[in-house]
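I would like the entire structure built from these sequences, with the hints used as guidance.
In terms of the working numbering, the sequence shown opens at residue 1 and continues consecutively.
Calculated from the structure, these hints are not laboratory results.
C-beta atoms are modelled at their ideal positions from N, C-alpha and C, and glycine is treated no differently.
Some hints here could point you the wrong way.
What the hints assert, rightly or not - Estimated spans, in silico, between C-beta atoms of each pair:
1. V155 / F298: 24 to 34 Å
2. I247 / D106: 34 to 44 Å
3. R187 / A332: 52 to 62 Å
4. T27 / G205: 44 to 54 Å
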Amino acid sequence: MHVISTSDLMGPDWNFLADLNQDPALTFQSFSSLQPSGLASLVPHPIAGRLQGAARACRAARRRPDAILFSHLPMAAAVTNLARRMIAPSVPQIAFAFNFTTLNDDLRARFFARAFRGITEFVVYSTYERELYAEAFGIEPDRMRYLPWTMETPVPGPENPMAGKGPYICAIGGEARDYATFAAAMRARPDLPAAVVARDYSLKGVDMPANVSVFTNLASAKTWAILAGAEAMVLPLRDGKAACGHITLVAAKLLGIPVIVIVTDSVGIRDYTGEGRVAALVPPGSAEAIKAALDRLFDNSTLRQAARDGIAVARQEHDPRLWLDYVREKAALLSPAR
Numbered sequence: 001m002h003v004i005s006t007s008d009l010m011g012p013d014w015n016f017l018a019d020l021n022q023d024p025a026l027t028f029q030s031f032s033s034l035q036p037s038g039l040a041s042l043v044p045h046p047i048a049g050r051l052q053g054a055a056r057a058c059r060a061a062r063r064r065p066d067a068i069l070f071s072h073l074p075m076a077a078a079v080t081n082l083a084r085r086m087i088a089p090s091v092p093q094i095a096f097a098f099n100f101t102t103l104n105d106d107l108r109a110r111f112f113a114r115a116f117r118g119i120t121e122f123v124v125y126s127t128y129e130r131e132l133y134a135e136a137f138g139i140e141p142d143r144m145r146y147l148p149w150t151m152e153t154p155v156p157g158p159e160n161p162m163a164g165k166g167p168y169i170c171a172i173g174g175e176a177r178d179y180a181t182f183a184a185a186m187r188a189r190p191d192l193p194a195a196v197v198a199r200d201y202s203l204k205g206v207d208m209p210a211n212v213s214v215f216t217n218l219a220s221a222k223t224w225a226i227l228a229g230a231e232a233m234v235l236p237l238r239d240g241k242a243a244c245g246h247i248t249l250v251a252a253k254l255l256g257i258p259v260i261v262i263v264t265d266s267v268g269i270r271d272y273t274g275e276g277r278v279a280a281l282v283p284p285g286s287a288e289a290i291k292a293a294l295d296r297l298f299d300n301s302t303l304r305q306a307a308r309d310g311i312a313v314a315r316q317e318h319d320p321r322l323w324l325d326y327v328r329e330k331a332a333l334l335s336p337a338r
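Structure (C-alpha cells):
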C-alpha cells in the first residue's frame with residue numbers, strides 16, 4: 001500500500017510516519033501546499049497552493065493502484081477531497097487530524113459538509129469530537145475514528161529563557177485558550193514566576209501581571225526547554241467543549257511535568273485527563289480555583305513525583321507507532337482491488 005499525504009501546515013520535507021515504518025510493503029509520499037510553483041505561486045491567497053498540492057497528490061494516487069490518500073487538518077481534507085473526486089475518484093481518502101477550534105460559522109459548515117462527502121474515514125483526537133463533527137457536517141458516526149494524539153518525547157534546547165528566575169510554572173499554546181483567567185490567577189500569586197508561550201492573537205486584550213513572562217513565536221527548542229524546566233504546566237481552555245490542548249498536554253506528560261491545572265473539565269480532552277493522569281481539574285473561568293490548585297501543588301511533592309512516575313505510561317499511550325498501526329489497518333482493509 002502506498003500512503004500519499006497532503007498538508008497545508010507541514011513543509012515539503014515532512015513525510016508522515018515514513019521514518020517509523022519498517023514494512024517494505026508500505027510506502028509513503030507527501031505533498032505540501034506551502035511551496036506553490038508556477039501560476040499558483042503568483043496568487044497571494046493560500047487556496048492556490050492548497051489546490052496545487054492536492055491536485056499533485058491526486059494525480060500521483062491515480063498512477064498507483066495501491067494508493068490511499070491521507071489529508072491532514074480539515075481544510076486540506078476538503079480541498080484534497082474536491083480534487084480527488086475529479087482526478088482519482090476510486091482512491092480512498094482518510095481525513096486525519098480532523099480538528100476544529102470553533103464551529104460557529106454556518107456558511108463555512110455548509111461548505112465543509114459538501115466538501116467532505118465521499119471521504120472514507122475521519123480521524124479525531126477525542127471521543128467527544130466524533131459526535132460533534134458527525135452532527136455538524138452530516139457524517140455517519142461510524143466513519144469517525146478516535147485515535148489519541150501521539151508524539152515523540154520533546155527535545156528541549158540548551159537555552160531556557162526562564163533560567164535563573166527560580167521555580168516557575170508555564171502555560172503553552174494558543175488555540176481556544178483563556179489567558180485572561182490565567183492572568184487573574186497569577187495576579188493573585190505575585191510571588192510565583194510564570195511563562196506563557198503563545199501566539200499574539202490568543203493574548204489580545206490580556207493584561208499579564210509583572211510575574212508572567214510572555215513569549216510569542218518562540219522556537220520549539222526554547223518552548224520545550226521552558227516546559228521541561230517548569231514545576232508544572234497550566235492548560236487554560238476557554239470552556240468545557242474546547243477540543244484543543246492535546247499537544248501541550250501530551251508533551252508535559254512525556255516530560256514528566258505535572259499538569260496541575262486544566263482550566264476546565266473539558267469533554268474535548270477528557271480522554272487524556274482520567275484519574276491519575278493530571279494533577280488537578282478545575283472549572284472554567286475560575287482564577288480562584290487555579291490559585292488553589294497552584295497552592296496545593298507547591299505543598300505536595302507527591303504530585304510532582306507522580307508526574308515523573310507516569311512517563312513510561314505516557315510513552316505507551318502516546319507512541320507514534322499507534323498511528324502507524326492504524327495506517328496498516330487501513331492498508332489491509334482498503335485493498336487495491338479497484
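**Message:** Which constraints among the numbered hints does this structure fail? Numbers only, ascending.
**Reply:** 2
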